[in-house]
Each structure stands twice: as structure tokens, then as C-alpha cells.
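*Asks:* Build the full structure now, drawing on both the sequences and the hints.
Each chain, letter by letter, is given below.
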Amino acid sequence: MNDVLRPMTAILEQVVPMLVDNSLFTFLPKTSIPVAPGQFVEISIPGVGSFPVSACDLVQDRRIVSCIRRTGRVTEALYNLEVGDAIGIRGPFGNGFPLDLFDGKDALLIAGGLGMAPLRALLRALLDDHERQGKVVLLYGSREPGSLLFYDELVELSRQGRVDVRFSVDFAETLPGSSSNVFCRIGLVNELLSDLDFTPGKTVAVVCGPPALYRCVLEELALIGMSAVNIFATLERRMRCGVGECCHCVAGGKYVCKDGPVFTLEQLRSMVGAI
Amino acid sequence: MFDSSFPSYPLKQAVLNDLLISLGQNRALWAPRTGPDGLCRLQSVSEKELPGLASSTFIPLKKMLLPPREAVWLHRAGHFHTVEEPEPFAVVGVPLCDLQAIWYLDQVFADDEIYQSRRAQLFLVGMACEPGPGCRCDEQLMPLTGDIFIGQERVWAISALGDTLLRETGFGSPATDVPLPWPEGPAEKRHDLSEEQFYSALDAPVWTEEGKRCLSCGACSVVCPTCYCFDMLDEVALDGTVTRHRVWDNCFFAEHGEVAGGYDFRPGRANRLRFRMEHKFFGFGTLRGQNSCVGCGRCSKVCPVDIDLDQIAEQLVGGAVS
Chain A
1 MNDVLRPMTA
11 ILEQVVPMLV
21 DNSLFTFLPK
31 TSIPVAPGQF
41 VEISIPGVGS
51 FPVSACDLVQ
61 DRRIVSCIRR
71 TGRVTEALYN
81 LEVGDAIGIR
91 GPFGNGFPLD
101 LFDGKDALLI
111 AGGLGMAPLR
121 ALLRALLDDH
131 ERQGKVVLLY
141 GSREPGSLLF
151 YDELVELSRQ
161 GRVDVRFSVD
171 FAETLPGSSS
181 NVFCRIGLVN
191 ELLSDLDFTP
201 GKTVAVVCGP
211 PALYRCVLEE
221 LALIGMSAVN
231 IFATLERRMR
241 CGVGECCHCV
251 AGGKYVCKDG
261 PVFTLEQLRS
271 MVGAI
Chain B
276 MFDSSFPSYP
286 LKQAVLNDLL
296 ISLGQNRALW
306 APRTGPDGLC
316 RLQSVSEKEL
326 PGLASSTFIP
336 LKKMLLPPRE
346 AVWLHRAGHF
356 HTVEEPEPFA
366 VVGVPLCDLQ
376 AIWYLDQVFA
386 DDEIYQSRRA
396 QLFLVGMACE
406 PGPGCRCDEQ
416 LMPLTGDIFI
426 GQERVWAISA
436 LGDTLLRETG
446 FGSPATDVPL
456 PWPEGPAEKR
466 HDLSEEQFYS
476 ALDAPVWTEE
486 GKRCLSCGAC
496 SVVCPTCYCF
506 DMLDEVALDG
516 TVTRHRVWDN
526 CFFAEHGEVA
536 GGYDFRPGRA
546 NRLRFRMEHK
556 FFGFGTLRGQ
566 NSCVGCGRCS
576 KVCPVDIDLD
586 QIAEQLVGGA
596 VS
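Residue numbers (this note's numbering), protein chains in the order written: chain A, 1 to 275; chain B, 276 to 597.
If you are wondering where the hints come from, they were derived from the structure by calculation, not from laboratory data. Careful: at least some of the hints might be erroneous.
[As the list claims (entries may be wrong)] Output of the computed footprint for chain B on chain A, the stretches with three or more beta carbons under 8 Å from beta carbons of chain B: (1) 6–13; (2) 69–75; (3) 211–217; (4) 238–245; (5) 253–263.
[Claimed, not checked] Every beta carbon over 12 Å from chain A, so not counted as near; a handful from chain B, in silico: (6) L286; (7) Q318; (8) S448.
Ideal Cβ positions, reconstructed from N, Cα and C, are used throughout, including at glycine.
*Replies:* And the structure:
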């Protein structure tokens with residue numbers, strides 16, 4: 001038992017704008033908070049409130065990096081802070097992605113919009129594991145080419161042949177890629193699956209995006225032949241406590257904050273209202 | 276089934292009076308009292324004002340352990356500070372169903388330091404009650420908690436602390452085979468609703484009908500002894516001190532299932548009514564499978580449009596009474 005609701009102080013060390021209203025925030029807490037890919041922390045701004053957010057990178061030298069969208073009252077306040085200001089942080093919470101399962105398997109990551117942020121931490125973990133056998137495929141859908149997060153980095157990973165990256169966008173005046181061998185097409189992200197050559201029985205898939213993405217992609221992966229225990233999705237909820245008490249995040253009888261936020265398709269099928 | 280046998284002692288009124296007086300010597304005493312407005316509330320009392328029977332308070336005992344608004348930390352001069360330690364207190368005159376409810380909350384908040392620090396200071400005295408209309412208590416629903424239980428002829432030791440106190444006060448030797456005096460034949464039967472029946476009837480007409488009638492006022496959750504959901508709220512003082520409060524929230528409120536950007540995972544009143552029923556009947560997380568409706572009847576009494584979860588259960592099971 002510990003004082004789970006009281007945060008520790010962290011310094012906002014760096015803010016790197018990525019897109020309009022999407023920036024990378026680096027927090028330096030007093031002592032290390034080991035946020036694994038897929039887990040989350042609660043960021044508190046005293047006097048304003050708190051919000052849950054995943055890390056989009058591995059924790060290095062205590063530094064936690066999150067890609068945060070300016071979308072509500074508390075994130076607005078965060079955007080108004082200066083580098084060097086103090087915030088509160090507590091965690092890590094949740095189960096995180098099943099890193100062990102990827103040993104000897106191909107990894108299929110499917111992101112929609114801001115769902116790229118937690119998957120980028122998973123991507124880092126997979127690429128950092130030099131023992132690991134198996135390829136990494138990333139399908140990433142967004143509204144338009146200009147709203148793709150981590151675009152330059154992903155294109156570079158694709159060019160190096162470390163990740164098979166394929167983008168889809170809802171609309172575009174001009175598609176990127178013809179000159180730089182970037183694969184990008186107009187359409188929904190699940191349509192990228194049809195062009196993909198992969199072995200369902202040898203693949204672990206992780207999907208992160210808005211509910212509409214889950215409804216079209218998860219069962220499609222099962223139809224292709226993947227086992228429902230090897231298809232994972234991470235759920236977004238507004239967790240107030242992070243420790244299975246406040247009930248805001250509950251879906252299908254499970255605390256998304258504590259029993260999740262990463263669930264298999266097999267679990268999700270019996271969780272009414274989860275996606 | 277669970278072990279519900281507790282040591283019990285023959286009641287000696289004079290000894291009991293001594294015990295209650297000694298309880299009040301180093302603790303604040305609280306007991307249910309009915310005011311001129313007819314509402315029964317937990318109130319601070321002297322040892323002379325203690326009741327002889329339990330009463331069902333309008334707002335249940337949970338408010339003593341999980342106050343409607345409580346500080347969880349203070350932020351001052353760049354540091355996050357803990358809150359003050361609670362003082363010892365005793366609540367006397369609690370019915371058996373409410374002792375079950377506290378057992379349930381103890382499980383939910385097992386790892387919550389703030390709840391547990393209050394809980395450790397609480398001496399809980401149960402008493403026999405007179406079941407009223409709408410009471411559906413069930414001894415076999417879940418274990419109960421507390422320290423002592425005072426019946427008409429015997430006193431039971433529920434906790435080790437309670438047992439020590441009874442022995443030290445001079446109650447003599449205990450018997451171990453006398454069951455707690457649960458009310459015989461509560462006024463109404465409960466309907467056994469299985470998870471399968473519930474989930475196969477998510478689109479049953481009863482949800483649309485009751486969802487239309489439900490005002491989403493949340494009164495049922497407020498008076499429920501096992502409802503516990505909360506929100507966080509910051510208060511800034513003039514000197515810059517920030518106090519983060521844990522405040523009661525309500526799953527009937529429109530924004531309860533919302534996420535950033537406005538997407539709502541539980542839109543509509545029928546959806547939220549169903550969510551509450553799912554919580555009461557089947558539990559969340561590690562308490563999945565534990566029905567947490569202790570049958571106190573508060574929710575159906577307080578509902579302005581007479582919605583009763585047990586009647587919904589009756590419709591979902593097709594009228595089969597357990």
C-alpha cells in the first residue's frame with residue numbers, strides 16, 4: 001500500500017513542436033518512473049487538473065517523453081507552461097504491451113492518428129532489441145500527409161530497411177513518396193492490409209487509434225487468419241485515478257487503467273462497450 | 276459460502292454501558308439520528324445519546340470513509356504534501372447490510388492509503404435492525420466487517436479488536452455457535468440475474484423504457500452504500516496553496532464516460548443506467564462476480580421516478596424469483 005494519488009515533482013525539460021497542437025514533452029521526474037511501452041502516467045498541473053498519457057519513447061536517464069495533443073483544459077494549461085516549470089507526475093499504470101510475445105515473431109503495428117504515439121515507444125523497444133528475430137511492419141493512417149506524426153523518423157527507418165512503413169491518408173492534394181520510396185495511399189488504414197505479404201500465424205499485431213479503427217481492423221486481422229490472442233489493442237479512457245478505483249475508465253467490467261489498457265481481441269470480444 | 280460465525284457473549288446491559296462509555300473516551304462517537312425533517316443522518320453524539328437499535332441513514336456510512344469531498348494532497352512551495360492523519364472515531368448503530376457494504380469498500384480501496392488510514396481509525400458497532408419495506412438483505416451475499424455487533428440478548432465480536440475489548444470489559448466466556456441475528460424473511464425477495472441473462476438482453480425493451488424515465492439525477496448512486504466512483508478537483512487558495520480533492524462522482528452524469536475530444540463511451544441515459552446495474556450486480560476488476568447490492572433499498576426509495584434495479588432484473592430474467 002502506498003500513497004498512490006500523490007504525484008512527485010517533475011521538471012518540464014523540453015518541448016518540441018511536431019504538428020499544430022501536437023508537441024513532444026520531456027519530463028524529468030525526481031526519481032525514475034519506469035514507464036514501459038503501452039503503460040501510462042498521470043500528469044498533474046496543480047490548480048488545473050490531471051490527465052493520463054502514455055510515453056512515446058523508452059525512459060532514458062529518468063526522462064519521460066510524451067506526444068501530447070492540445071485538446072482540453074489541462075493540456076491547454078500544459079502548453080502554456082515554460083521549460084523549467086514543475087509539474088506533478090505519478091505512475092506507471094497499466095499492463096503495457098506484451099514485449100515477450102514478439103520474440104521470434106513478426107510485429108505488425110497499426111496506428112490511427114495520435115495512436116502512433118504509444119506505438120512509437122513499442123517500435124523503439126522492438127528496434128532496440130538486437131537479439132530479436134522477425135520483421136517489423138507499421139501501417140499508419142492519418143487525415144492528411146501533413147498530420148502524420150514522426151514522419152521524417154519513420155521515413156528514415158523505412159529507408160534503412162529496419163521497418164516496413166506504409167501510410168494511408170484520408171485525403172491529399174499530392175501524395176508523398178514517389179521520389180523517396182515512401183509508400184502512401186489514399187484510403188483507410190485497414191485497406192493497407194490487402195497489399196501486405198505477411199504470415200498470420202507468425203505475427204503479433206498491436207493496434208492503437210480511435211474506436212472506429214478498432215471496429216474495422218481487429219476482426220479483419222482475425223479473418224485473415226490471426227489468432228485473437230495475438231491481436232492487441234490499447235484503449236483510450238479518461239482515467240482519473242489509474243489504480244482501479246474511480247470507475248471512469250471501466251469497459252466490459254474491467255478497469256482499463258489497471259486490467260489494461262492493452263487487451264487482446266479475445267478479451268475485447270466479451271467486453272461490451274469497450275470499442 | 277464464507278465463514279460467518281463469530282464469538283458471542285451474553286449481553287450484560289451494565290457492562291455494555293461501560294464499554295460504550297469507554298469507547299467515547301478517546302474517540303468521536305457517531306450514530307444515526309432522525310431529525311425533525313424525518314431524515315435519518317449519521318451525527319456526532321455523546322455516549323448518552325447512543326441508540327439501542329440500528330437505523331438506515333439516508334446517506335450511508337461510506338461518507339465517513341470516503342467523504343463527498345476530501346483532500347488527497349496539498350501543493351505548497353513546489354512540493355506535494357500529504358494530508359493530515361484522521362482522528363479515531365466510532366460509529367454505533369449500523370445495520371448488518373451496511374456492515375457488508377463496508378466490507379465491499381474495504382476490498383475496492385485495499386491499496387488506497389487515504390481510505391485505509393481512515394478505516395484504521397474506525398471502530399464499527401453493528402446493531403439489530405427492524406427491516407422496512409424495500410429491504411432485501413441477504414446474509415449469503417458477501418462477508419461483513421466491523422468490530423462488535425450488539426443484539427437483543429447477545430453481543431458478537433466481529434474483529435479481534437472487538438473481541439479483546441469485550442473480554443477486557445468483562446463479558447465472560449464466549450460461545451462460538453450462535454449466528455448473527457439476521458432479519459428473518461426480509462420483506463422482499465431478490466431476483467437472481469446471471470451475467471449471461473444480462474449480456475444477452477442488452478437491447479431488451481426495458482432499457483429503452485427505463486432509460487426514457489430515468490432523469491440521470493444520480494440520487495441512487497449518492498445513497499448507495501457501495502457506490503464509490505470519484506473525480507478529482509483542484510482548489511486554489513489565495514496564498515497559492517493547491518488542494519486536490521477527491522469528490523464523489525456519478526456514473527449517471529453525461530461526462531462520466533467521455534474522453535478528450537468529446538467522444539462518449541456511454542452516451543444516453545439507458546446506457547448509463549445499464550452501466551450502473553452492471554456494476555451493482557456483477558462488479559468490476561478483481562471484484563467481478565461479486566454482487567454489491569446489499570439490499571438496503573435506499574436507491575428505489577430515493578428515485579424520483581421509482582426505478583428499481585431489482586424490478587429491471589425481474590424483467591430480464593422473465594419473472595423467475597429466487
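*Asks:* Next, verify each hint and record whether it holds.
*Replies:* Against the structure, the hints come out as follows:
A count of 4 residues in the region 6–13 of chain A with a Cβ less than 8 Å from any Cβ of chain B is obtained; the coverage claim is therefore met, three being the minimum. Residues of the region 69–75 of chain A with a Cβ under 8 Å from some Cβ of chain B number 4, which satisfies the need for three, so the listed coverage holds. Only residues whose C-beta sits within less than 8 Å of a C-beta in chain B count toward coverage, and the region 211–217 of chain A has 1 of them, not enough to reach three; the restraint is violated. A count of 6 residues in the region 238–245 of chain A with a Cβ less than 8 Å from any Cβ of chain B is obtained; the coverage claim is therefore met, three being the minimum.
Counting residues of the region 253–263 of chain A whose CB lies closer than 8 Å to any CB of chain B gives 5, which reaches the minimum of 3, so the coverage claim holds. Residue placement check: L286/B keeps its beta carbon more than 12 Å from all beta carbons of chain A (closest about 37 Å). For Q318/B, the condition that its CB be more than 12 Å from all CB atoms of chain A holds, with the nearest at approximately 28 Å. The Cβ of S448/B sits about 36 Å from the closest Cβ of chain A, beyond the 12 Å cut-off, so the non-interface label holds.
Against the hints set out earlier in the document, a violation occurs for number 3 only.
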